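Enquirer: Each chain, letter by letter, is given below.
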Amino acid sequence: MSILVTPDTKVLIQGITGSFGARHAKLSLDYGTKVVAGVTPGKGGQLFEGQVPIFDTVEQAVRETGATVSAVFVPPPFAADAILEGVDAGLDLVVTITEGIPVIDMMRVKHAMKGSKTRLIGPNCPGLVTPGTGEKSHGGCRIGIAPGYIHKKGNVGVVSRSGTLTYEAVWQLTTRGYGQSTCVGIGGDPINGTSHLDVLKMFNEDPETEAIIMIGEIGGTAEEEAAAWAAQHCKKPIAGFIAGATAPEGRRMGHAGAIVSGGQGTAESKIEAFRAAGIEVAETPSDMADALIRRMKRA
Amino acid sequence: MNIHEFQARELFAEFGVATQPGKVANTPTEAETVATGLSGGKLVVKAQIHAGGRGKGTFKNGFKGGVHLCDSPTEAKDLASKMLGQVLVTHQTGPEGKEVGKVFVGEAVDIARELYFAILIDRATSAPVVIASTEGGVDIETVAEKTPEKILRLSINPFLGIMPYQTRLIAASLGLTGPLMNQASKLFTNLYNLFIARDCSMVEVNPLVVTQDGRLMALDAKFNFDDNALYRQPGIVAMRDVTEEDPREVEASKHSLNYIGLDGNIACLVNGAGLAMATMDIIQHAGGSPANFLDVGGGASKEQVASAFRIILADPLVKGILVNIFGGIMDCDVIAHGIVEAAKETGLSIPLVVRLEGNNVEAGKKTLASSGLKLESGENILDAAKKIVAAVKAAA
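These protein sequences, in sequence, are chains A and B. Numbering follows numbering that gives the first Met the number 0, in which position 8 of the first sequence is assigned residue number 7; successive positions increment by one, without gaps. Numbering follows numbering that gives the first Met the number 0, in which position 176 of the second sequence is assigned residue number 175; successive positions increment by one, without gaps.
Hints listed in this document are in silico derivations from the structure and should not be mistaken for laboratory results. Treat the hints with care, as some may be off.
Stated by the list, open to error - Each computed DSBU-like pair below joins lysine-lysine, with the alpha-carbon atoms no more than 30 Å apart:
id, chain 1, residue 1, chain 2, residue 2
1, A, Lys296, B, Lys81
2, A, Lys25, A, Lys135
3, A, Lys109, B, Lys221
4, B, Lys343, A, Lys109
5, B, Lys364, A, Lys25
6, A, Lys200, A, Lys135
7, A, Lys25, B, Lys185
8, B, Lys185, A, Lys135
9, B, Lys301, A, Lys135
10, B, Lys365, A, Lys135
11, B, Lys385, B, Lys343
12, A, Lys152, B, Lys364
Please read all numbers here as calculations on a predicted model, not as lab measurements.
Please build the complete structure, drawing on both the sequences and the hints.
Expert: If you want it as structure tokens, here you go:
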């Protein structure tokens, strides 16, 4: 098993006809992901790439194709609406790639989702990949914008707020012969659907995942909370990396959530929390896979 | 995005948040006119710059203090003439200071009590939270550390907004009783409405004051706005003052580049915010000092790389460049061509180290090697960081 999605997961893409959505829908199809539907209001009845039916609403797409997961590529002003449309249609998982959604919109989305069965990942995230068994991990489930070919099927779970740092970690693992169960980018916004801790709990329960890389950055206290839980409950070796030790206080470092304010959310505090929880800390981003290997040998 | 104090007062007026009467002035004569239009009592003249610590600051012409009290419109005019067009240095401006282009002239108030009131978005609960304290006029972080029991935190339901009973609860905790409780309810409700309507990420009123004659008002305020929501806040965008921002950042924002200027001498150009932060960290780890944060986006294009190079090279502090690209989907060879073109076009004369990884990386490395440019390749991020630090030290 993997977490959240398997190579058989049926995926729909909201915003499939926009340039960004279309490009990545095509890459997912090429990777072998079961992209079964697209949604663009007003374009229902058309076909994407001559093979994927497009619907006007998520409800229709779910009813006709049995899709259980969506990827949202809708522009920021319309993204909150798109997420809640997926929730209302009863999807298991809504992965929101869109960057730049107003924080107040996300606050309302989170509260409107309470009591629903849907899990939200993102926004402002690279999505997730469960690698397949084919050449260069072909045949896996790729939802979002991560490069598929860097993956390799295996037993390391990766969770991160950042896209390119996830790719770095995955590539380091793959080139050292360590495959991945699932790689999850939870996104760089201050309010997001799924936290480090949520993903850590899933990896802990997943029999296929044997070790975990957790990548964090400055801002908030989510990494500290995940580390505190891991110290008590996680049965599997973890390596971690935190970005932003040199970031000046009070400035947003690209990601809307990456900000140190009022002395909270510093890299030092997160690294200290990792160490206290027995997580092997990578000194540099070049050291992420090696840190995990060190930790696994110690276990 | 940040705004000036006088702009914060304009927002207060629009939303019915009580504040001291007064207006902004661009010239000494305007300051006198504003002062004449006020109630005739004591006046306050305040220099308008974004940085804090104005009252304790010093102008480069020797005049002390960016905040002054006076008794007459003539004195207000005189004070304004000593501030306008002058450079004010405070503990937040750095030694170069900030030129004062505007002053606020208002009625001075006799303060009986100083309180603290703020609204911000709490990440943990994904909801607005009110923070209030009887300890106003001082740094709230200090209060939180030394006397946490003096801070009230109250979560607001984003669908209901702040409830009347919650405003009374806050008022009671601040000791605002009798007629002050009604004033407080109104002020807190209106401030919350402003917070939501204008997509704020933080509003901090410090101090919120009770005057000797029993009025409650916001005396000073700090606003932060959600950059993601600026597309629907044209009125707030119009308040942007680019002279208050780092000119390197203003230029970068024109090219949709995510750039933050720092004071080191090794520039970096990276795709992705997390990797960009990690690259700054690794420069320091290798014994150097980063000149900037620069994220050209997860799928960097040739054009973005070129404009990023121009912005980096316009900074005289920069003595070396580290390019760190993980080309996941982008072809590394395309990126390599972008780097070569940009370097040639800008007549690059300082050390450049490039670390490329990912899609079609061998072709990209070949392009760099055969470009005729004086550049080094890094095998991994750490190797690249060590090389650029060494090259900059050797050139110094």
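Enquirer: Determine for every hint whether it applies to the structure shown.
Expert: Hints and how they fare:
{"no.": "1", "hint": "Lys296/A x Lys81/B", "result": "69 Å, violated"}
{"no.": "2", "hint": "Lys25/A x Lys135/A", "result": "17 Å, holds"}
{"no.": "3", "hint": "Lys109/A x Lys221/B", "result": "27 Å, holds"}
{"no.": "4", "hint": "Lys343/B x Lys109/A", "result": "49 Å, violated"}
{"no.": "5", "hint": "Lys364/B x Lys25/A", "result": "28 Å, holds"}
{"no.": "6", "hint": "Lys200/A x Lys135/A", "result": "28 Å, holds"}
{"no.": "7", "hint": "Lys25/A x Lys185/B", "result": "54 Å, violated"}
{"no.": "8", "hint": "Lys185/B x Lys135/A", "result": "62 Å, violated"}
{"no.": "9", "hint": "Lys301/B x Lys135/A", "result": "27 Å, holds"}
{"no.": "10", "hint": "Lys365/B x Lys135/A", "result": "24 Å, holds"}
{"no.": "11", "hint": "Lys385/B x Lys343/B", "result": "24 Å, holds"}
{"no.": "12", "hint": "Lys152/A x Lys364/B", "result": "28 Å, holds"}
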